[in-house]
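Protein sequence lines correspond, in order, to chains B and F. Per my numbering, the very first residue in the first sequence carries number 1; after that it's consecutive. Per my numbering, the very first residue in the second sequence carries number 1001; after that it's consecutive.
Careful, some of the hints might be misleading.
Once the Cα atoms are required to be at most 35 Å apart in a straight line, the calculated DSBU-like pairs of lysine-lysine come out as [as the list claims (entries may be wrong)]:
id : chain 1 : residue 1 : chain 2 : residue 2
1  : B       : LYS69     : B       : LYS57
2  : B       : LYS57     : F       : LYS1070
3  : F       : LYS1055   : F       : LYS1073
4  : B       : LYS17     : B       : LYS69
5  : F       : LYS1073   : B       : LYS18
6  : B       : LYS57     : F       : LYS1117
7  : F       : LYS1055   : B       : LYS71
If you're looking for bench data, these hints aren't it; they were derived computationally from the structure.
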Amino acid sequence: EAQVTQNPRYLITVTGKKLTVTCSQNMNHEYMSWYRQDPGLGLRQIYYSMNVEVTDKGDVPEGYKVSRKEKRNFPLILESPSPNQTSLYFCASSFWGLGETQYFGPGTRLLVL
Amino acid sequence: AQTVTQSQPEMSVQEAETVTLSCTYDTSESDYYLFWYKQPPSRQMILVIRQEAYKQQNATENRFSVNFQKAAKSFSLKISDSQLGDAAMYFCAYRTRSNNNAGNMLTFGGGTRLMVKP
């Protein structure tokens, strides 16, 4: 089954404790992206990647890092989480090209105390 | 930069009736894509319908259709014969057609919560 998976689905952590949210897709998509969702703001892009070893900032990259060492994986790293990073996070992927539909993962709900 | 606005934070509809969700956007581009995504309580993001700006014909997917008014920069979603399973948060999204690095990024509106009454 074609899908985007994220782990963990729920995470509670404390300020400053490094964490990684994994994202994996099995559709051989070149493009992968991370969004965060906050009430009233919709989804905002954090980082994206056009292919292996090619990443770039989205609209709200502060406090986040990403890497793309393999085509299927695109982890999101919070090296020193803060309470304002409490949010719902989505990973998405698609083929690179105009008009390609993006497929979303199930979301990861993060609470930073 | 493009912006997407959904002016209705919440809407409700009676089961089997029709409801229209509003979306407006701001862009200086002439060619782009527009989407409606559904987010049920499970939090999954599900593509409902998409529209290419260069196509004049409004997109339709079963009970879902759009009213795309390019000059007015308006992209509303009509749900016919509403069902209980349609209850969800609905997001309107914009994507540029430019072939640049950010060409795949989606810009989302703030969402509209749709409630369906039995």
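Going down the list of hints, with the structure as the test:
Between the alpha carbons of LYS69(B) and LYS57(B) the distance comes to roughly 17 Å, so the proposed pair stays at or under 35 Å and holds. A distance of roughly 30 Å separates the Cα atoms of LYS57(B) and LYS1070(F); the hinted pair therefore holds under the 35 Å criterion. Simply put, LYS1055(F) and LYS1073(F) have alpha-carbon atoms about 14 Å apart, close enough for the 35 Å limit, and the pair holds. With a C-alpha separation of about 23 Å, the suggested pair LYS17(B) and LYS69(B) falls inside the 35 Å cut-off, and the hint holds.
Between LYS1073(F) and LYS18(B) the CA atoms are separated by roughly 43 Å; this puts the pair beyond 35 Å, and the hint is violated. The straight-line distance between the Cα atoms of LYS57(B) and LYS1117(F) is roughly 42 Å, outside the 35 Å bound, and the hint therefore fails. Taking the CA atoms of LYS1055(F) and LYS71(B), the gap is near 33 Å; set against the 35 Å cutoff, the hint holds.
In the structure shown, a violation is registered for the earlier hints numbered 5, 6, in ascending order.
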